[in-house]
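Let's have the full structure, built from the sequences with the hints guiding it.
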Amino acid sequence: MQVELQLFATLRKYAPDQPLDKGLVMNVEPPLTVSILLEKAGVPLDKVKIIMVNNRHAGFDQELAAGDRVAAFPPVAGG
Amino acid sequence: MGKILRVNMTELTAKYEDVPEKYALLGGRALTSALVADEVPPDAHPLGENNKIVFAPGLLTGTNAPCSGRLSVGAKSPLTGTIKESNAGGITAQKLASLGIKAVVVEGRPPEDGLHLLVINEDGAELVPAGKFAGMGCYALTRGLWQEYGANSGIISIGPAGEMRMALAGVSTNDREGDPGRYAGRGGLGAVMGAKGLKAVLVRTDKTFDAPVKDPEKFAEAVRKLTKALAEHPVTNQALPAYGTAVLINILNEAGGLPTRNFSSGRFEGAAKVSGEAMAEAVAQRGGKGRTGHACHPGCVIRCSNIIPDAKGEVLCTPVEYESTWALGPNCGIDNLDHIAMLNRLCNDVGLDTIETGVTLGVLMEAGVLAFGDGEAAINLLDREARNGTPLGRILGGGSALAGKLFGLTRVPTVKDQGMPAYDPRAVKGMGVTYATSTMGADHTIGYSVTANILKVGGFVDPLQAEGQVDLSRNLQVATAAVDASGLCLFTAFALLDIDYALPSVVDMINAQYGTSLTVDDVFNYGKEILKTERAFNAAAGFTAAHDRLPEFMKLEKLPPHQVTFDVPNEELDTVFNF
Ligand code: SF4
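Protein chains in written order, with our numbering: chain R, 10 to 88; chain C, 393 to 971.
Treat the hints as calculated values from the structure; they're not laboratory data. Each hint can be trusted.
Below, computed lysine-lysine pairings styled on DSS-like, alpha-carbon distance capped at 27 Å:
1. R:Lys-56 - R:Lys-31
2. C:Lys-665 - C:Lys-681
3. C:Lys-950 - C:Lys-797
4. C:Lys-848 - R:Lys-56
5. R:Lys-56 - C:Lys-665
6. C:Lys-395 - C:Lys-924
7. C:Lys-848 - C:Lys-620
8. C:Lys-924 - C:Lys-414
9. C:Lys-617 - C:Lys-848
10. R:Lys-22 - R:Lys-49
11. R:Lys-58 - C:Lys-848
12. C:Lys-395 - C:Lys-407
13. C:Lys-665 - C:Lys-704
14. C:Lys-395 - C:Lys-606
15. C:Lys-797 - C:Lys-947
16. C:Lys-620 - C:Lys-599
17. C:Lys-610 - C:Lys-414
18. R:Lys-58 - C:Lys-620
19. R:Lys-22 - C:Lys-665
20. R:Lys-31 - R:Lys-58
21. C:Lys-665 - R:Lys-58
22. C:Lys-665 - R:Lys-31
23. R:Lys-56 - C:Lys-620
24. R:Lys-22 - R:Lys-56
25. C:Lys-599 - C:Lys-395
26. C:Lys-524 - C:Lys-407
27. C:Lys-610 - C:Lys-620
28. C:Lys-617 - R:Lys-58
29. C:Lys-606 - C:Lys-617
30. C:Lys-920 - C:Lys-848
31. C:Lys-704 - C:Lys-681
32. R:Lys-22 - C:Lys-681
33. C:Lys-617 - R:Lys-56
34. C:Lys-848 - R:Lys-49
35. C:Lys-848 - C:Lys-950
36. R:Lys-58 - R:Lys-22
37. R:Lys-22 - C:Lys-848
38. C:Lys-599 - C:Lys-617
39. C:Lys-848 - R:Lys-31
Quick caveat, the model's predicted, so the values are computed rather than measured.
Rendered as structure tokens:
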């Protein structure tokens with residue numbers, strides 16, 4: 010099945026050629042969780058602080074379905 | 393123990409006074425709010441002779457405590473009618489504190505129109521006629537004053553918007569390079585300065601870290617601890633210096649809480665193009681004078697500021713921060729970074745609060761005065777209309793609530809007539825509680841629930857649920873009031889919230905500097921006292937629980953993509969200040 014993974018801020022180094030406005034489209038067999046997806050993309054889990062699946066906060070264990078969009082961030086803040 | 397400089401614009405005098413005992417341990421926002429509450433009648437007209445504008449460095453400002461150079465500016469606000477404190481970085485507060493000045497209080501009103509400069513030297517202060525600077529933008533003014541009075545002066549100034557007493561006029565201060573982009577922007581404090589005929593305050597000294605400290609050894613030990621905490625926390629050591637505060641654009645957009653086109657959606661399709669990541673890329677590609685990791689004052693170790701270069705590598709604007717980027721970008725449907733940086737520069741020059749300007753532009757776009765996404769029309773509006781005070785410029789200058797009224801709109805994102813910052817309260821409900829109940833109208837810094845709602849700093853409270861938001865906002869409002877008194881940049885709070893020894897190290901610093909024996913609990917009581925002072929002023933000025941509400945459309949219109957409304961019950965909002 011197909012899911013989209015977009016990496017932000019310092020995590021962009023794990024997908025350096027990815028344009029700023031597009032995620033990686035990945036084909037992965039279910040069952041799939043956020044942590045499996047990140048591992049497949051070569052992203053060390055200890056660098057990831059905030060995960061959103063389809064615009065909602067999620068954890069590493071969240072199961073993914075076809076068409077889901079996952080966004081991953083390192084610790085960030087501002088304001 | 394320091395002194396207060398009292399400047400009377402009716403008599404045109406500037407005199408030093410001793411600091412009354414009751415103000416000895418107040419600084420920054422604690423002191424501006426106490427002075428305004430004690431000396432300004434709550435029914436004073438904000439632009440009249442009885443309002444006062446107060447400038448105060450924080451308690452730790454002028455020491456080598458990291459990131460401690462904040463300047464608080466306070467008055468009764470012409471935008472909200474409430475008490476107001478707005479604070480800024482830049483180099484001026486450290487100079488004031490190093491000269492032993494705890495506060496500058498400007499009162500009265502000149503008998504005739506005319507502008508003055510307040511020049512503060514190491515051995516005295518005087519008012520100087522400043523008619524030749526009339527109508528001048530803050531860039532030319534700051535450059536001109538550095539030429540006349542020496543580079544490295546700290547300058548607090550207003551642009552033409554402040555002189556015209558526009559309700560969204562901000563107060564500028566300069567950074568080390570002499571750029572006027574550090575703003576105490578919110579609440580129209582520039583109009584109060586303008587009403588007093590005060591074009592600028594100049595602080596002429598090279599002293600920066602000369603505030604007295606009672607126990608230097610203990611102080612140094614505490615400074616080491618806080619510096620270590622800031623160096624350890626990944627937000628303050630990596631994300632902020634590399635991407636600036638606009639690193640938030642993508643995350644708020646992902647969370648569906650980035651207000652877009654006048655708060656009609658929580659997602660902006662052009663977000664990536666105006667994000668902190670895009671700014672870092674532009675800085676790297678264009679080179680020249682551009683940079684990230686810029687410090688707004690000596691002693692800042694976080695360095696969240698940036699210099700955005702134009703295509704030739706010359707300075708286009710510094711800093712371009714998250715709130716300004718959002719206000720002048722996504723909120724106006726503008727996805728062109730150069731347009732945003734130019735709009736930001738024009739705000740800095742004309743003397744406009746970037747947030748209120750962007751929110752007002754969004755309302756005017758909704759009204760059809762200009763089109764969403766039309767960056768060039770927005771640039772014209774600021775540069776031609778607002779700068780010259782044309783009728784349309786004055787409409788912008790009145791702020792978002794007024795613009796909404798003039799054009800008969802209901803989607804007007806304000807509380808107490810102040811435009812909302814960059815988090816839609818329907819999708820970031822903790823911010824909704826803060827906007828509704830803040831003592832100063834819709835303000836984000838005053839209780840930054842985004843920490844736990846979005847960033848997972850200091851715990852996690854689901855941003856889409858009503859539960860837990862009131863407690864979150866209350867605790868942050870109390871803690872923030874104390875931070876705003878300390879003179880520490882609020883960005884230290886990310887480390888203060890997450891690292892156990894960080895907050896005690898701040899208390900240790902204050903004890904070492906002032907010879908006190910405060911505890912961490914005292915910090916929270918101190919914050920509560922500030923809020924009580926501000927609430928009492930507002931109550932006497934006519935504000936009630938009915939003003940602690942979000943605009944009705946946020947309860948009625950569902951915000952995409954989550955299709956949520958603001959649903960924290962009124963009765964719960966009324967318990968925020970139950971202490
Ligand atoms: S973190 Fe940013 S705003 Fe705060 S003191 Fe440093 S440069 Fe200034």
